[in-house]
Amino acid sequence: MDFITDNFETIVFYSFAALVLFAAVRVITARNPVHAVLFLVMAFISSSGIWLLLEAEFLAITLVLVYVGAVMVLFLFVVMMLDINLVRLREGFWRWLPFGAALAGLMAFEMIWVLGSKETAGELAGIRHMPDYSNTKELGRLIYTDYVYPFEIAAVILLVAMVAAIALTLRRRKDAKSQAVSEQVSVRKADRLRIISMQSEKHIAGHATESKE
Amino acid sequence: MMEFLQPLLDAGQQLLGPAWLPVWTLVKIMLIIAPVMGGVAYLTLAERKVIGFMQIRIGPNRVGYFGLLQPIADGVKLLFKEIIIPAGSSKFLFVLAPIMALAPSLAAWAVVPFNDGVVLADLNAGLLYILAMTSLGVYGVIIAGWASNSKYAFLGAVRSAAQIVSYEIAMGFALVCVLMVSQSMNLGDIVLGQQGGLGILNWYLFPLFPMFLVYLISGVAETNRAPFDMAEGESEIVAGFHVEYSGMAFALFFLAEYANMILIAFLTSVMFLGGWLSPVPFLPDSFIWLLAKVSFILLLFLWFRATFPRYRYDQLMRLGWKVFIPLTIIWVVVIAIWMQTALWVW
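Going down the list, the protein sequences come from chains A and B.
For what it's worth, this note's numbering labels the leading residue of the first sequence as 1, then goes sequentially.
For what it's worth, this note's numbering labels the leading residue of the second sequence as 1001, then goes sequentially.
Hints may be right or wrong, so weigh each one.
[Said to hold, decoys possible] What follows is a list of derived Cβ distance ranges for each label pair:
| # | chain 1 | residue 1 | chain 2 | residue 2 | range |
| --- | --- | --- | --- | --- | --- |
| 1 | B | LYS1077 | A | ALA155 | 50 to 60 Å |
| 2 | B | VAL1023 | A | VAL148 | 15 to 25 Å |
| 3 | B | VAL1023 | A | ASN7 | 18 to 28 Å |
| 4 | B | PRO1086 | A | SER200 | 55 to 65 Å |
| 5 | A | ALA102 | B | LEU1079 | 22 to 32 Å |
| 6 | B | LEU1201 | A | LEU139 | 25 to 35 Å |
| 7 | A | VAL148 | B | ALA1011 | 35 to 45 Å |
| 8 | A | ILE143 | B | ILE1029 | 47 to 57 Å |
| 9 | A | MET107 | B | SER1295 | 52 to 62 Å |
| 10 | B | LEU1079 | A | VAL148 | 55 to 65 Å |
| 11 | B | LEU1026 | A | ALA102 | 42 to 52 Å |
No lab work stands behind these hints: they were computed from the structure.
Here the structure is a predicted model, which means the values were calculated and not measured.
We treat Cβ as the ideally placed atom computed from N, Cα and C, and that holds for glycine.
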């Protein structure tokens, strides 16, 4: 019991880390692409757990909100619609494995290099904050003071990407029919309907004789 | 206000030691979940009674007095029904989907404040947490639609995904306004920010009235309720994403929808209608006010269903993208400027 309470954070960290690793491996080994996307969702949620452990609650919740709540939903949307041929997807696996392994090794080396040495990573000991410390306020203050230019530039780059994506996919068809909603809404009764007054009983020659028979 | 519980807390602490915290938290979770589930059950009865009233019918009146036992009879019926798993479906995901639908809508209750300080988790980022949890609910619908191996279910899932992602943006911007005005993401602090000598006039309902409407209507869309129930659309795609579900698995989707409705009603009351605060200065603040506000908003949900015909899909998208999102962005700017002037009194 004491072991658990003393090392609670470490235990939580390793369980989340194990979950992230498991999910990440399953993303590339799952046979079904939809399952792979769902494992990616699991990896995101587990890593947000690790961020919560670092008292970065804003980033952790935003990760879930943006990536899991929006990006992955659209991903899933696309993957479900695709006509996926599993055999063709698999055939390049062994050919590209050395290249992928080299890339992964390089990335792992970079991370160890940056995070492992004291000069680049600084003191890695966790900083404890008071309970009233607001991660969100602190981040907002930094973004809009010290890092305002990088932040704005990143925003503009994202905007350009968005405009480009829309421009690439936007095709105007000449024969497409669309509705003019403002016209529909502004229609009044008098435009469509004409009420005429007429006699309720009107004797028409043909009808009259037929009904008598 | 929880002083009378102190002896109980001390006794529990002594008895269980470090295991007491999880046990006590579990008790608190049960104290929230059980009334929510009861509320869900009786909301279904209220819905049938209210719609019956609006259509000049009686509604359920056979089981118990005034039909009061009807939800229990329905629950028992669903429990005893067989759960059929369709051939060619993805079995694990098929079973997981109803759980994925219900779990986030219950998890979101962790940060909902019921009275001053009466909240399960007093998160500083409560508002964000709520947004994150409500956005997770869509997975239940998508997975259900895909795992069922049925075209109707899949169409429902695709509709629902597009709808929820679009309305979430408007909802998020409406919450940004609340956040700016209250300068806090803690739901308890948001309610306390609406305190003042003028009662109802201090609520955020007035400066944020357009956002109140946007939030409420987006809430209806997020919960897949009529007139935005495109995901079900029984006249077009049978019953949408849950067409293949039966018995308790179907009931979980049902529970999730109603739990989400109650959640949205609570959040609207907390953020725009002053939560537990009294509308008039001479009456004391109390949980009863919160319940009254929530009941009123739930009545609106039922009223909408009885009144409006279902939206067409393009109209739904137009409302979300071309009306709500521009409106919310403009209102964010208006509030930001308004708050810098002397005219800002909230």
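Hints, one by one, checked against the model:
no.: 1; hint: B:LYS1077 to A:ALA155: 50 to 60 Å; result: 54 Å, holds
no.: 2; hint: B:VAL1023 to A:VAL148: 15 to 25 Å; result: 48 Å, violated
no.: 3; hint: B:VAL1023 to A:ASN7: 18 to 28 Å; result: 21 Å, holds
no.: 4; hint: B:PRO1086 to A:SER200: 55 to 65 Å; result: 58 Å, holds
no.: 5; hint: A:ALA102 to B:LEU1079: 22 to 32 Å; result: 56 Å, violated
no.: 6; hint: B:LEU1201 to A:LEU139: 25 to 35 Å; result: 34 Å, holds
no.: 7; hint: A:VAL148 to B:ALA1011: 35 to 45 Å; result: 54 Å, violated
no.: 8; hint: A:ILE143 to B:ILE1029: 47 to 57 Å; result: 35 Å, violated
no.: 9; hint: A:MET107 to B:SER1295: 52 to 62 Å; result: 55 Å, holds
no.: 10; hint: B:LEU1079 to A:VAL148: 55 to 65 Å; result: 58 Å, holds
no.: 11; hint: B:LEU1026 to A:ALA102: 42 to 52 Å; result: 49 Å, holds
In this structure, the earlier hints numbered 2, 5, 7 and 8 are contradicted, and the remaining ones agree with it.
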